[in-house]
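A.B. asks: Below, each chain spelled out in residue letters.
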Amino acid sequence: MHSHEISTPQNAPFKKILIANRGEIAIRVTRACRELGIATVAVFSDADRESLHVFLADEAYHIGPSPSKESYLNYKKIIEVAKKANVDAIHPGYGFLSENPVFVRACKEAGITFIGPTPENMESMGDKLSAKALMKKAGVPLVPGSDGGVETVEEALVVAKKIGLPIIIKATAGGGGKGMRVVRHESEIESAFRACRSEGQNYFANPTVYIERFINDPKHIEIQVFGDTHGNVVHLFERECSVQRRHQKIIEESPSPSVPMDVKLKMGDCAVRAAKSIGYVGAGTIEFIFDNQTKEFFFMEMNTRLQVEHPITELVIGVDLVKEQIFVAKGNKLSFKQEDIKQKGHAIEARICAEDPTTYKPSPGLIRACRHPQGPFLRIDSYAYPGYEVPIYYDPMIAKVITWGDTREEAIDRMQRALAEFVLTGIKTNIVLHRTILGHEKFLDGSYTTQFIEKNFEVLEPQMFREVNDKVFLIAAAITAYEDRKSKDVRRYNVRSNWRSLSRKIQLRT
Amino acid sequence: MYFEAELKDKKYKVDVHEERHSWKVSLQQDGQDWQHYDISKTDFKHAEEYVSFLFDGKSYLIDVLGQDTEYTVFIRNSFRTIKIFNDEMLLHESLKKGGGAGSNIELKAGMPGKVIEIFVKEGEIVKAGKPLLIMEAMKMENEMRASSDVKIKQICIKQGDSVENGAVLIRFEKP
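Residue numbers (my numbering), protein chains in the order written: chain R, 328 to 837; chain L, 5 to 179.
Treat the hints with caution; some may be incorrect.
To be verified - Pulled a few chain L residues facing chain R out of the computed Cβ check, cut under 8 angstroms: (1) LYS28; (2) LEU31; (3) ASP67.
The set of hints was computed from the structure by calculation and includes no laboratory data. In this text, a Cβ means the ideal position worked out from N, Cα and C, and glycines have one as well.
Bound-form chain R, shown alone:
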């Protein structure tokens, strides 16, 4: 929906963009820039000198030691590099500095365009209670609950009566599972209330708690929105991200198999209203908690950034979200109107992580074989390559496999095919977990919820390793052990030595 000219450095919206991120998302942004004729600047930490995003950018600068705090979160250093490289804009990717209003203001002071929402957008959505108050004003449905904090047990009982059990009591400042209690019986309210207050006080120095209806077995549905600096806001329909483990998304799909058209249009309207109410600029996502029984939806939070799972929206809508971000940051109007936005076909994304799929322990280390899947209607956003050592400092996600199909069934078949083609050895990955989930009846019929993996793991786990018989593993190990005893192959020994340190790491962790 953009101009019909071929992009050149002369007609590019910016001359040069610094990408304040690493891994696959840094590469994703680099690709958009290159297609637009914009020069790219990568930044990297000690651990990332050999990371693919460094190789693919036009320029690359070292920004500090491996821990994120001293490199990818060190915004002063990043702005210093941006000035030195003479860039006119910074793209933050997701995570790291992408939702940090201090960084956005520092960019502005340095005369550099930040590609993303305004610091005010970030601040109004950053605090849970104030975000909810804003959304209520904008007419976005919230989970029924107390208006703000609840001070006494008596008050808690009144709220519980009003909204009905089960309820969840949450410390306002809480997080990470602390200061949170689900209450199913009235008799438990008093002790849960006291426990949450005391945990809030002890862990977060704030005893304030609030109460909400507990949505049993919900789905996670989110709406992609896009705003520009001219006051336009458009939604790009939904993504379903209910396949989660420990609140980390694993598989996402669009459209959701569970949201009827009239409901998704309502959700889209709400999301647009929510974004408009805060004058939202750029790409953002409104997350809803979705009750699959009643088809009710409630505002959960807004992410003021590009999401990991943005490619599935790109594939079903046909818009390049990163390019759109760049044009909006330049001050252009959105290149599409609401009526232009239609979902076509079905897309699925599988997040491939360097981790043991049974224990979920991270499995950093040296990648030996790496052959990415290829073929029709398939997109791979990956920073893995043979000989690359996955560092321990950052997120374990190393690749995203995204497939498109005319129907949901075709997209699933295509994903199964793609994952079967994916060769990745040396480190453990969750590819077998993905294949097992994709074959599970609850995934196939679309009825899965955010509890799906926890509730079905005992069934999923043995399935994961069923494809290959144990004796194949044993024979391969036995012949190799025999060859190792017999041979003094120096080359093989050297390859081994990389494994040696990794194997020690793994042993120490178990």
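Since chain R is already given, all that's left is putting chain L on it; use the hints.
C.D. replies: Positioned in the frame of chain R, the structure of chain L alone reads:
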């Protein structure tokens, strides 16, 4: 060549013979009948770092990582860690670990990370399997346990410390 092998909780006896054109591999699981496999060398072919294994009419691309007695085998994105050993390998392994009476044993950080919690005190005698400390790396908490009965001689770190790869965390002595 005779080996013993362990895969998860199953124990196997394994016999491997190399002939001019084939491998003869025999497996026996937990006292059940021996199973014999005659594998042509053209069906177990090294290609670059990997092995293309044609077995039972199926085609597998295999990567095997072996270290001492621990072999991790990757096939079709499944993997199994197999302990495979014979007397010679066990002897070799124990010699390599070295140590001997009187030498100090140390727990080192296997990766850079942050010490989240320490469960033991200096002077304490700890049974094998007991958690010693929790380290955080890659956004995950990992519990480190004692691999044998030991006495805690010295704790070299404190809660909240960031440590580099190989840093000594705890020194042990014989209980």
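A.B. asks: Would you mind marking each hint as holding or not holding in the structure?
C.D. replies: Here's how the hints hold up against the structure:
| no. | hint | result |
| --- | --- | --- |
| 1 | LYS28 | violated (10 angstroms) |
| 2 | LEU31 | holds (6 angstroms) |
| 3 | ASP67 | holds (4 angstroms) |
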